[in-house]
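Listed in order, the protein sequences are those of chains A and B. Residue 188, in numbering that gives the first Met the number 0, is where the first sequence stops; the numbers in between run on with no holes. Residue 580, in numbering that gives the first Met the number 0, is where the second sequence stops; the numbers in between run on with no holes.
In silico EDC-like links for lysine to aspartate or glutamate, alpha-carbon gap of 16 Å or less:
| hint | chain 1 | residue 1 | chain 2 | residue 2 |
| --- | --- | --- | --- | --- |
| 1 | B | K146 | A | E14 |
| 2 | B | K261 | B | E239 |
| 3 | A | K140 | A | E103 |
| 4 | B | K356 | B | E366 |
| 5 | A | K69 | B | D314 |
| 6 | B | K215 | B | D242 |
Distance ranges between label pairs, derived from CB positions:
| hint | chain 1 | residue 1 | chain 2 | residue 2 | range |
| --- | --- | --- | --- | --- | --- |
| 7 | A | N19 | B | K215 | 48 to 56 Å |
| 8 | B | Q212 | A | R28 | 31 to 39 Å |
| 9 | A | P83 | B | D202 | 22 to 30 Å |
| 10 | A | P83 | B | T354 | 47 to 55 Å |
| 11 | A | I138 | B | A558 | 45 to 53 Å |
| 12 | A | D53 | B | N321 | 17 to 25 Å |
| 13 | B | K298 | A | S3 | 25 to 33 Å |
| 14 | A | Q42 | B | G36 | 35 to 43 Å |
| 15 | A | E126 | B | K186 | 43 to 51 Å |
Note that these hints are calculated values from the structure, not bench results. Even glycine gets a Cβ: it sits at the ideal position worked out from N, Cα and C.
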Amino acid sequence: MIKSEHTIVAFVEDEPGVLNRVVSLLRRRNYNIKSLVVGATEQPGLSRMTIVTDESDNNRRVNMARNIQKLVNAYTVEDVTDVPAVIREYMLAKVSVSNGDRVELDLLTREYGAKVIDSEEGAVIIEATGYDMEIESFIQKLKAYDIVELMRSGKMAMRRGSHLELKAKLEMMSTDQQGSTSQIQSAIS
Amino acid sequence: MSEKRASNKSRVLSGAEIVWECLIEEGVEVLFGYPGGANLPIYDAHVKYSDRVHHVLTRHEQNAAHAADGYARASGKVGVALATSGPGATNLITGVATAMMDSIPMVCISGQVGRASLGSDAFQETDILGAMIPLTKHSYQVNDITKLAGVIKDAFYIARSGRPGPVLVDIPKDVQNETTEFVYPEKHNVLPGYNPTVSVPMDQLIEVAKMIQEAKNPVILAGHGVLISDASTELAALAEKADIPVSVTLLGIGGIPASHPKCIGFMGMHGAYWANHAIQKADLLIACGMRFDDRVTGKLETYSPNSKKVHIDIDPTELNKNVMVDVPIRGDLKTVLAALLPMVKEAKHDAWSTTIKEWMKISHTREILHRKSDKLFSAFVIRDIWEATKGNALVVTDVGQHQMTVAQYYYQDHQHSLLTSGGLGTMGYGLPAAIGASFAGRDKDIWLVVGDGGIQMTINELATAVQENVNINIALINNGYLGMVRQWQEMFYDKRFSQTPISSPDFLKLTEAYGLKGYRVSERKDVIPTVLEAQAHRGPTLIEFVVEEMEMVYPMVAAGADLDDMHQRPLIEEQFSDMEV
Numbered sequence: 000m001i002k003s004e005h006t007i008v009a010f011v012e013d014e015p016g017v018l019n020r021v022v023s024l025l026r027r028r029n030y031n032i033k034s035l036v037v038g039a040t041e042q043p044g045l046s047r048m049t050i051v052t053d054e055s056d057n058n059r060r061v062n063m064a065r066n067i068q069k070l071v072n073a074y075t076v077e078d079v080t081d082v083p084a085v086i087r088e089y090m091l092a093k094v095s096v097s098n099g100d101r102v103e104l105d106l107l108t109r110e111y112g113a114k115v116i117d118s119e120e121g122a123v124i125i126e127a128t129g130y131d132m133e134i135e136s137f138i139q140k141l142k143a144y145d146i147v148e149l150m151r152s153g154k155m156a157m158r159r160g161s162h163l164e165l166k167a168k169l170e171m172m173s174t175d176q177q178g179s180t181s182q183i184q185s186a187i188s
Numbered sequence: 000m001s002e003k004r005a006s007n008k009s010r011v012l013s014g015a016e017i018v019w020e021c022l023i024e025e026g027v028e029v030l031f032g033y034p035g036g037a038n039l040p041i042y043d044a045h046v047k048y049s050d051r052v053h054h055v056l057t058r059h060e061q062n063a064a065h066a067a068d069g070y071a072r073a074s075g076k077v078g079v080a081l082a083t084s085g086p087g088a089t090n091l092i093t094g095v096a097t098a099m100m101d102s103i104p105m106v107c108i109s110g111q112v113g114r115a116s117l118g119s120d121a122f123q124e125t126d127i128l129g130a131m132i133p134l135t136k137h138s139y140q141v142n143d144i145t146k147l148a149g150v151i152k153d154a155f156y157i158a159r160s161g162r163p164g165p166v167l168v169d170i171p172k173d174v175q176n177e178t179t180e181f182v183y184p185e186k187h188n189v190l191p192g193y194n195p196t197v198s199v200p201m202d203q204l205i206e207v208a209k210m211i212q213e214a215k216n217p218v219i220l221a222g223h224g225v226l227i228s229d230a231s232t233e234l235a236a237l238a239e240k241a242d243i244p245v246s247v248t249l250l251g252i253g254g255i256p257a258s259h260p261k262c263i264g265f266m267g268m269h270g271a272y273w274a275n276h277a278i279q280k281a282d283l284l285i286a287c288g289m290r291f292d293d294r295v296t297g298k299l300e301t302y303s304p305n306s307k308k309v310h311i312d313i314d315p316t317e318l319n320k321n322v323m324v325d326v327p328i329r330g331d332l333k334t335v336l337a338a339l340l341p342m343v344k345e346a347k348h349d350a351w352s353t354t355i356k357e358w359m360k361i362s363h364t365r366e367i368l369h370r371k372s373d374k375l376f377s378a379f380v381i382r383d384i385w386e387a388t389k390g391n392a393l394v395v396t397d398v399g400q401h402q403m404t405v406a407q408y409y410y411q412d413h414q415h416s417l418l419t420s421g422g423l424g425t426m427g428y429g430l431p432a433a434i435g436a437s438f439a440g441r442d443k444d445i446w447l448v449v450g451d452g453g454i455q456m457t458i459n460e461l462a463t464a465v466q467e468n469v470n471i472n473i474a475l476i477n478n479g480y481l482g483m484v485r486q487w488q489e490m491f492y493d494k495r496f497s498q499t500p501i502s503s504p505d506f507l508k509l510t511e512a513y514g515l516k517g518y519r520v521s522e523r524k525d526v527i528p529t530v531l532e533a534q535a536h537r538g539p540t541l542i543e544f545v546v547e548e549m550e551m552v553y554p555m556v557a558a559g560a561d562l563d564d565m566h567q568r569p570l571i572e573e574q575f576s577d578m579e580v
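This is chain A alone, in the form it adopts within the complex (with noise of 0.2 Å):
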């Protein structure tokens, strides 16, 4: 099952739509989206997205890196399937439980490295991180109680090492984008 999932880093422009046609071209080109994380970067006006899908052919998998590439507003489309990567995503649980059962709960939820941040009358409310499969079984086990609401933010991927290449790449970009030293001409004229 994770086999099956494709995984890429893009980062692209911080624009209002900028998120409708990376939608829209996924949509267009037919790849199923399993999750897709947007959010901010170390560098302004930088956008970074995870996307998830499910696609499992291999020349649609390296097409779909070279589409998001192909639209103006993308920066640059990194795949981490298959490289070492940190793949992380959040979990938040409301489970409704009784007094009797707080302190097992308690120490479920400290097994698996989570936190009680929210505790009412009746119902406590549950964050987690980590890999698809710790928050996977961690869901497992809280099925033994009564769990009311529960979301989980999609995955968030980050290559391991230091992998500076990316950053002199997109600071170079951002230079670049000053007009300074531009290598690009028009192909056609």
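Got chain A sorted already, so can you dock chain B onto it with the hints?
Chain B alone, transformed into the frame defined by chain A:
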């Protein structure tokens, strides 16, 4: 935004004036459009600029887009269309989709409701940006007048660079009315992730040269990219040096002269019998600037099963999309072929040439041009127009049977001289595209070949042709049917001609009403004299050719069949069993 000053002519101008100034900066001399509520300021400003930019009033915004497309194909410049918001903008869509599929550089400017009304379902408001995202190469809505000039600069750059395509610039009405200091940026400001130029991958080319040397039955597939990249010379040089036959796609016609000894003609669903057979039996395919459309490949699983494949295209998303290849090369075709050429050894493939000639002979026994018949077949008409125009016309087609007949029988020796909607197959394209092409300043007679179905989709443009007094000649092939659909019904739907018989107005009366010169021809002997007469006439002309109703385009590969599994023109008794010949 680049801060560099283009020149010393910074002035305070309205958004509407800035639009015209930018168009002039980009070298635009003509554009096609239709006024309305949300682009009124732009039209009002045109009064001041009308001597520098000629505006052609089409009779529908779709046709403004098609005309801009035809102008772009004929001139090599960026075509420009202008529409108002709402219905004006949505009417552009078919024209934009047509241009996108065929990689045509175009900038479409649409008016939009004022910023304060955006999202309120105001009168004539439509989310044209949202609608155009999947249909354009890129799209903009300009909500800040200080960005307007930069956006237009970028739009033109994106439209013409790399793989060309249409770009939308949507401008709210209040932005058109606002004023700012106008400075045209010297340089575009497109993100560096958009990089249409790439270096030539020399290691891949060494491999390709080796594959060419080892091949016994090689074929070059030449697509639209040959024309866009201006790679005809390099292509012909490669074909000559390594003795490789070249087959062209519909949009690749003219990329190598039809009379070139290595040109084996048009491939695909209605391609030449020998070209399709050569592709299927090849041991090496070198695909140049084409995209393996389903009309070109037939059944993918059996497509050219024994060949190694090289695919050169500027758009990396085309590589390994439909046909998996051994060597995918991303690059500008002209640059790649120029680099490849010195690595390729001279070769001769005489046995292969002989084999292809044998296929030609088989096919020629069924050639309709060899028939003696009093009937007027559309193939005769196209063949005679070719003769009368000495093969030098700029030919525009619509979509359908006549389009395939032109591809087969107007032997095109010249680049950028066949304008046709290939990818989208847009009926109604022909007439407005021919009008657009007439503004390209080409020293060529323009012949539009169009069917009775297609012309009725955009026949309102006859008024535009007359108003502008354009020199276009219309060859209307009238068979009383939506012929291509009728052909499919005959072949695959047991001759149930559902909704394909189509009536027409009296075209001679119609041309008189619109005020253009009209002719009617129903016998072959009159074809050439009438074509010559029409061509000598200044201003638009229309010749209605009343042709055989039941004519079919052969050969044909059924959709999804193997590329060499071709329906050939039946021998004479079979084909016309219910007609006298």
